[in-house]
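Protein chains in written order, with numbering that gives the first Met the number 0: chain A, 0 to 404; chain B, 0 to 322.
Hints were generated in silico from the structure; no laboratory data involved. Don't take every hint at face value.
In silico DMTMM-like cross-links for lysine to aspartate or glutamate, where the CA-CA straight-line distance does not exceed 20 Å [unchecked claim]: (1) A:390 to B:204; (2) A:223 to A:249; (3) A:390 to B:301; (4) B:255 to B:243; (5) B:219 to B:204; (6) A:390 to B:293; (7) A:390 to B:243.
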Amino acid sequence: MLDNPDQEIMGAGASRHSGPSRRSFLKIAALAGAAVSLGSNAAKAQGNIGFWATDLTQEQLLTMYTTILRIRWHERTMVDKMLTDAKYRGYNHFYAGQEAVATGICAALRNSGGVMNADLVYSTHRPSGHALAKGVDIKKMCAEMDFRATGLNNGYAAAMHISDPEVGFIGADGMIGPGPVIATGSAFAIKARGSDQVVVNFGGDGTYATPHFHSSLNNAALLKLPFIYVIENNLYHQYAHYSFSCPMKDIASAAAPYGIPGVVVDGQDMIQVYNAARTAVERARAGEGPTLIEAKTYRYYNHSGAPGASPGELGAFGYDPLAISSFRPERELRDWMQRDPVNIARDVLIAWKVVDRARADAIEAEIRKEVTDAFAWAAEQPLCKPEDGLKNVFVEGTVEARQFG
Amino acid sequence: MARKSWMYSFLEAVQHEMRADPNMVWIFELTPPVASNPGMPVINLETEFGRGRVVNTGIDENWMVSATLGAGLAGSKAATYIPYQGACMPFQTIQNHAGKLRSMTGGKASMPVVFVLEMTGQTPGMAGQHSDYEIDTYYAHIPGVKTVIPSTPYDAKGMMASALRDPNPVVFLYPAGLRQLIEEVPDEQYEVPLDKAVVRQEGSDLTIVGSGASMPEVMKAAETLKAEGMNVEAIDLRTLKPMDTETLVKSVQKTKRLLTVDQSYYTLCPGAEVIARVAENVDGARYKRVAFPDAPPPASPEMFLWMRPNADHIMGAARKLVG
Chain A
0 MLDNPDQEIM GAGASRHSGP SRRSFLKIAA LAGAAVSLGS NAAKAQGNIG
50 FWATDLTQEQ LLTMYTTILR IRWHERTMVD KMLTDAKYRG YNHFYAGQEA
100 VATGICAALR NSGGVMNADL VYSTHRPSGH ALAKGVDIKK MCAEMDFRAT
150 GLNNGYAAAM HISDPEVGFI GADGMIGPGP VIATGSAFAI KARGSDQVVV
200 NFGGDGTYAT PHFHSSLNNA ALLKLPFIYV IENNLYHQYA HYSFSCPMKD
250 IASAAAPYGI PGVVVDGQDM IQVYNAARTA VERARAGEGP TLIEAKTYRY
300 YNHSGAPGAS PGELGAFGYD PLAISSFRPE RELRDWMQRD PVNIARDVLI
350 AWKVVDRARA DAIEAEIRKE VTDAFAWAAE QPLCKPEDGL KNVFVEGTVE
400 ARQFG
Chain B
0 MARKSWMYSF LEAVQHEMRA DPNMVWIFEL TPPVASNPGM PVINLETEFG
50 RGRVVNTGID ENWMVSATLG AGLAGSKAAT YIPYQGACMP FQTIQNHAGK
100 LRSMTGGKAS MPVVFVLEMT GQTPGMAGQH SDYEIDTYYA HIPGVKTVIP
150 STPYDAKGMM ASALRDPNPV VFLYPAGLRQ LIEEVPDEQY EVPLDKAVVR
200 QEGSDLTIVG SGASMPEVMK AAETLKAEGM NVEAIDLRTL KPMDTETLVK
250 SVQKTKRLLT VDQSYYTLCP GAEVIARVAE NVDGARYKRV AFPDAPPPAS
300 PEMFLWMRPN ADHIMGAARK LVG
């Protein structure tokens, strides 16, 4: 919101004092399954910001700020590495533009204690933001994405399968479909054993069309599972607009037939996302069942890798050969970048006097250094031994080499 | 006749059949059925035949395959293209419906349908779900469905034409790693049979049998070994079901040595079936199998490239058999 900071700050500041009446209204709206549609100028005009976020401590707000910066600079550093370092072999489906969603959701979760205590997150093929927001160690993640033996998953996962159960990050998933259904199984086990954990499944707009989307909501509603389905609607599944897979404007409308809350939230604003998540988490912990949250957002890069991007520049404006016949309009990307989630986060925290601009800049410099150091550490880690590919098939032992006849 | 890519050749066959049959439908997701080739018109099925016949669905492979089968049962020729992300999602419909309906209806079901299932490009580094090579084994096991796996642009076009004209459901496997192949392909429509293997190189010392994505490495090995003085006969299976037992047996009767090569996992890989059929019919032959270990492909290129069968592995195994 650099172009129009006053408006954003006013929205955030004013709603900070909206108090319990606002809070109870939204709770009722959520329970009634009301889908609140947001225009591109978003929720600030509706005064939706701040009813839970006002409960956050200075420290928690600062943590959210460092998280959103860590995700952003991980993205930008990795994009630049892919574009400029011919020896770098890592790849990713970049999350830049969507950082407020992971940051806001995971700020409402318990992010330690392993699978028996932490809240669990199921991620996607676009996982690095979710992982960092959940608390995955950035050094080990960078090493994993660089195929290193000392990476988070010992070089077996790379970007698309990173997993760290210790912080409740069940992991990335390269497939569109089964993830949310599997996630409801975790929620079922949690309920059966009387734990207060909740399960969050992140999915893109493309998941709406899968039978799995509907199966997960139906079964979670039938069994009142502690399950939150977060749709990050960035408008495109790969290169196809979401109107090819969903007949409704708001995917959150899909909650109504299952009798559960469906909430549309401004995915560019981590505070709004946090509010929606907090409501859903409290509902889940109270045994009241699942919630569908649709965060309206946008990705700054193309579906996979960094085609069309230039070193040092945020966003990919150039040609993506994989798009074949369907290209997203450049002005659509530029329009979304006017409401950049990192800028919004910074402006809100400055407006709330959590930081001043100088401190905000200093924190950003610290995070950039942390990210740079993480990539440098990763690059020094050892590569995998070829024959270790025969391990990790079963818990015990190795399988036989068969490629030599 | 011109040099054409796999995808261009393949879509030429589809375009021809769709022009000939106004009822034929095509279902896809994510990536439009578009191909270009230097000096030739762009093929775009979606714009040429319109969205009434060429449908871009959401991500729902189950619907794509089931709807294709349903279109066939209603009497229309139909085909769908499933990207490798979802090649096993519709397994139930192919295995328990398409494969059995001819039998269960006493021959009454109409199923002029083709399920094009993309297999991964086995790109090093993609890990597990995006580097695997395994569905040849799964689909070849199903009775009532023809399972074919062309390995060249020429065969891709000819076998797609045959598949679309075949009254039986056909699983048409496309290893995406072959997308880079370019060769001379006729402009007119032609058929390549769906039940014949092809001898790619003749020889008398050793028979090497492969299919799909293993063929480029098989041919590299066969040519190198021939230059070294080993007379290798190289066979491309092309169809997994029905399998062309006759061509295999004839070859091994001559060479008495059989090496099978698969990118698929060792256990029940197509080569296992090849060896079993030959062993039933040829006395006194020796056998070896090169295949991917029974392990999901790990991300690290160091691990993956060591595990994936290549020309060096094939030549090593060949020398053990012949030496």
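Each hint tested on the structure:
The suggested pairing of residue 390 (chain A) with residue 204 (chain B) is violated, with an alpha-carbon distance near 36 Å, which exceeds 20 Å. At roughly 23 Å between alpha-carbon atoms, residue 223 (chain A) and residue 249 (chain A) are farther apart than 20 Å, so this suggested pair is violated. Between the alpha carbons of residue 390 (chain A) and residue 301 (chain B) the distance comes to roughly 14 Å, so the proposed pair stays at or under 20 Å and holds. Restraint check for residue 255 (chain B) and residue 243 (chain B): satisfied, since their Cα atoms lie roughly 18 Å apart, inside the 20 Å limit.
At roughly 17 Å between alpha-carbon atoms, residue 219 (chain B) and residue 204 (chain B) fall within 20 Å of each other, so this suggested pair holds. Distance hint between residue 390 (chain A) and residue 293 (chain B) is fulfilled; the C-alpha atoms sit about 11 Å from each other, no more than 20 Å. Taking the CA atoms of residue 390 (chain A) and residue 243 (chain B), the gap is about 36 Å. The hint is violated against a cut of 20 Å.
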